[in-house]
Amino acid sequence: DSGVTQTPKHLITATGQRVTLRCSPRSGDLSVYWYQQSLDQGLQFLIQYYNGEERAKGNILERFSAQQFPDLHSELNLSSLELGDSALYFCASSVAPARGDEKLFFGSGTQLSVL
Amino acid sequence: DQQVKQNSPSLSVQEGRISILNCDYTNSMFDYFLWYKKYPAEGPTFLISISSIKDKNEDGRFTVFLNKSAKHLSLHIVPSQPGDSAVYFCAASPNAGGTSYGKLTFGQGTILTVHP
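Chains as they are written, first to last, in the numbering used here: chain L, 4 to 118; chain B, 1348 to 1463.
These are calculated hints, taken from the structure and not from any lab test.
Keep in mind that the hints are not guaranteed to be accurate.
Computed list of lysine-lysine pairs in DSS-like fashion (alpha-carbon distance at most 27 Å, straight line) [what the hints assert, rightly or not]:
(1) B:K1403 x L:K60
(2) L:K106 x B:K1418
(3) B:K1415 x B:K1352
(4) L:K12 x B:K1403
Build out the structure end to end from the sequences listed, making use of the hints.
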């Protein structure tokens, strides 16, 4: 158990809809990261927050947004969903904004299926 | 543009033998390299890492080798055990002092199966 909690574990929805994925980091971790894993793809970095502020952005679509709340949990909002958004979405956390050598702790992911 | 590549989707080895997982990268700015292991229905877990100033790092049965000139790294598991069966991801990070915190670039993963 990494200590990172993601809900829900599975989500099935239709095209055009909007969903919210939730992440609670490990106790004491201030940084939260979101990654997307599609079929045959490695994990793609989406976005990172540190203590409520956005710190780094990857190839995140404009239809996607995220935030980190004062209690440090984070939500990833996906809107106008398309079939291609079906993927496994991981949240990870670390104590501080990770240097290259700081390991991340991953949750078990949310499997999103867009039908 | 796949900056980190794991060209072998799968690898099968016998228990007790060596497992060698390979990873190639293209971005010269990568400064730190990590291996993560993933079991089904779980998130990736950190396994071992290496800085670009080193060419080898060892942790128990796991050793990572880095060849900067070839932009290649490998993970050796000796001896392999059935419990090592998992998906292994190679990941790379740019300069540790830079602003790309946590912005790991992952390979596609290699499925390792260790047979008893």
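Right, here's what the structure says about each hint:
1. B:K1403 x L:K60: 31 Å, violated
2. L:K106 x B:K1418: Since the Cα atoms of K106 (chain L) and K1418 (chain B) sit roughly 21 Å apart, the hinted pair holds (cutoff 27 Å).
3. B:K1415 x B:K1352: 15 Å, holds
4. L:K12 x B:K1403: 38 Å, violated
Checked against the numbered hints given earlier, the structure breaks hints 1 and 4 and satisfies all the rest.
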